[in-house]
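Engineer: Sequence:
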Amino acid sequence: MGLLFRNPWRCKTHLTSDSGCSVPADSSLLLTCALVMLGLFLTIQTNFIPAKGGDLLFHQVPLIEMDGMKMVQTKAILNYIAGKYNLYGKDLKERLMIDTYAEGARDIMDLIMGVPFTPPEKKQSTLNNLETKAKVRSLPAYEKALSSSQYLVGNQLSCADVSLFEVALMLEELFPTILSTFPNIQAFQKRMKAIPAINKFLQPGSQRQPPPGEAYVKTVMDVLSHLFK
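Just so you know, we're using the UniProt record's numbering here: the sequence shown kicks off at 1 and counts up by one.
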């Protein structure tokens, strides 16, 4: 399922929430920069095909039109936005750590995005594996990083913080008590939710999408049917 965003800076984004690019993370990053967006869903294949007419370098979304450029590839897009809005650290060492934490969050996001497409007989074991990986491998690292600072890297908000915020929300949707043993992450989430743009983004009626279900899977299969042949 794709999403087209527009904002006052004439930035348009074509995003899918099925290809590992994580629509919410991209949206939160833009919102943290106080970009107000309006959405339009690409829910039929005929909407997707024109978007492939040359703008999609590798024939896949996300595609962002911003600053006179048409950008593809999630990591490249996020790094550009992070650099543009001062969310990418003050030096190479900070950028390394920001990338490290952001990629760690993306690893978990990728697992989460695959859950709706898991065969029913394997879904519970997939969820158990995801929960274990998050609780044993990922969340402890973020909990430790937040023990001495309100930010993951340096002394200001970065795209690593936005990535952690979003993946924590996604995990809570699947496992409501998963953060109960991570007090630093809980406090971090509370601070992030207090940011006006993010708070607005989390309110009912915003562009943030609910956890994907059967209707989502069917839409993805219909819109991107050419990929499943």
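Worth double-checking, as some hints may not be accurate.
BS3-like, lysine-lysine: derived pairs with alpha carbons at most 25 Å apart [what the hints assert, rightly or not]:
1) 84 to 193
2) 190 to 200
3) 144 to 70
4) 122 to 75
5) 75 to 193
6) 70 to 93
7) 75 to 90
8) 200 to 135
9) 84 to 200
10) 135 to 90
11) 133 to 123
12) 75 to 93
13) 122 to 218
14) 122 to 133
15) 218 to 200
16) 133 to 90
17) 144 to 93
18) 84 to 135
19) 144 to 84
20) 193 to 123
21) 144 to 133
22) 135 to 123
Label-pair ranges, simulated between beta-carbon atoms [to be verified]:
23) 69 to 121: 23 to 33 Å
24) 177 to 137: 33 to 43 Å
25) 202 to 150: 16 to 26 Å
26) 123 to 83: 21 to 31 Å
27) 84 to 213: 32 to 42 Å
28) 217 to 73: 17 to 27 Å
29) 93 to 221: 23 to 33 Å
30) 149 to 218: 42 to 52 Å
31) 221 to 122: 15 to 25 Å
32) 123 to 172: 29 to 39 Å
33) 83 to 121: 28 to 38 Å
34) 114 to 197: 42 to 52 Å
Hints listed in this document are in silico derivations from the structure and should not be mistaken for laboratory results. Glycine included, every Cβ here is placed at the ideal spot set by N, Cα and C.
Engineer: If a hint holds in the structure, say so; if it does not, say that too.
Structural biologist: Hints, verified against the model:
Restraint check for residue 84 and residue 193: the C-alpha separation of about 22 Å stays at or below 25 Å, so the hint holds. Among the hinted pairs, residue 190 with residue 200 is consistent with the structure: their alpha-carbon atoms are about 14 Å apart, no more than 25 Å. For a cut-off of 25 Å, the pair hint linking residue 144 to residue 70 is broken: about 38 Å separates their Cα positions. Taking the CA atoms of residue 122 and residue 75, the gap is near 30 Å; set against the 25 Å cutoff, the hint is violated.
Annotation: proposed proximity of residue 75 to residue 193 holds, straight-line Cα distance about 24 Å (limit 25 Å). Only pairs whose Cα atoms come within 25 Å are accepted, and residue 70 paired with residue 93 is rejected, the gap being roughly 29 Å. Restraint check for residue 75 and residue 90: satisfied, since their Cα atoms lie roughly 19 Å apart, inside the 25 Å limit. Restraint check for residue 200 and residue 135: the C-alpha separation of about 29 Å exceeds 25 Å, so the hint is violated.
Taken as a hint, the residue 84 and residue 200 pair is honoured in the structure, with Cα atoms around 22 Å apart against an allowance of 25 Å. Taking the CA atoms of residue 135 and residue 90, the gap is about 30 Å. The hint is violated against a cut of 25 Å. Between residue 133 and residue 123 the alpha-carbon distance is near 15 Å, which keeps this suggested pair within the 25 Å criterion. Taken as a hint, the residue 75 and residue 93 pair is honoured in the structure, with Cα atoms around 18 Å apart against an allowance of 25 Å.
For the hint linking residue 122 to residue 218, the alpha-carbon distance of about 19 Å falls within 25 Å, and the restraint holds. At roughly 17 Å between alpha-carbon atoms, residue 122 and residue 133 fall within 25 Å of each other, so this suggested pair holds. A threshold of 25 Å between alpha carbons decides the hint, and for residue 218 with residue 200 the separation of about 29 Å lies outside it, so the pair is violated. Restraint check for residue 133 and residue 90: not satisfied, since their Cα atoms lie roughly 31 Å apart, outside the 25 Å limit.
Restraint check for residue 144 and residue 93: the C-alpha separation of about 19 Å stays at or below 25 Å, so the hint holds. Using a Cα cut-off of 25 Å, the hinted pair residue 84 and residue 135 is violated, with the two alpha carbons roughly 33 Å apart. Between residue 144 and residue 84 the alpha-carbon distance is near 28 Å, which puts this suggested pair outside the 25 Å criterion. For the suggested pair residue 193 and residue 123, the alpha carbons sit about 30 Å apart, so the restraint of at most 25 Å is broken.
With a CA separation close to 16 Å, the supplied pair residue 144 and residue 133 stays within the 25 Å bound. With a CA separation close to 18 Å, the supplied pair residue 135 and residue 123 stays within the 25 Å bound. Our hint of 23 to 33 Å for residue 69 and residue 121 is violated, since their Cβ atoms are close to 45 Å apart. Residue 177 and residue 137 have their C-beta atoms about 18 Å apart, which leaves the hinted 33 to 43 Å range violated.
The supplied range of 16 to 26 Å is met by residue 202 and residue 150, whose beta-carbon atoms lie about 19 Å from each other. Distance hint check: the CB atoms of residue 123 and residue 83 are about 39 Å apart, inconsistent with the given range 21 to 31 Å. At roughly 35 Å, the beta-carbon separation of residue 84 and residue 213 lies within the given 32 to 42 Å, and the hint holds. Between residue 217 and residue 73 the beta carbon distance is about 25 Å. The supplied range of 17 to 27 Å therefore holds.
Restraint check, residue 93 to residue 221: a C-beta distance of roughly 44 Å breaks the suggested window 23 to 33 Å. Restraint check, residue 149 to residue 218: a C-beta distance of roughly 44 Å satisfies the suggested window 42 to 52 Å. Roughly 18 Å separates the CB atoms of residue 221 and residue 122, a value that falls within the hinted 15 to 25 Å. Between residue 123 and residue 172 the C-beta distance comes to about 18 Å, which lies outside the given range of 29 to 39 Å.
Between residue 83 and residue 121 the CB atoms are about 45 Å apart, so this pair departs from the stated range of 28 to 38 Å. Taken as a hint, the range 42 to 52 Å is violated for the pair residue 114 and residue 197, whose Cβ atoms sit roughly 29 Å apart.
Checked against the numbered hints given earlier, the structure breaks hints 3, 4, 6, 8, 10, 15, 16, 18, 19, 20, 23, 24, 26, 29, 32, 33 and 34 and satisfies all the rest.
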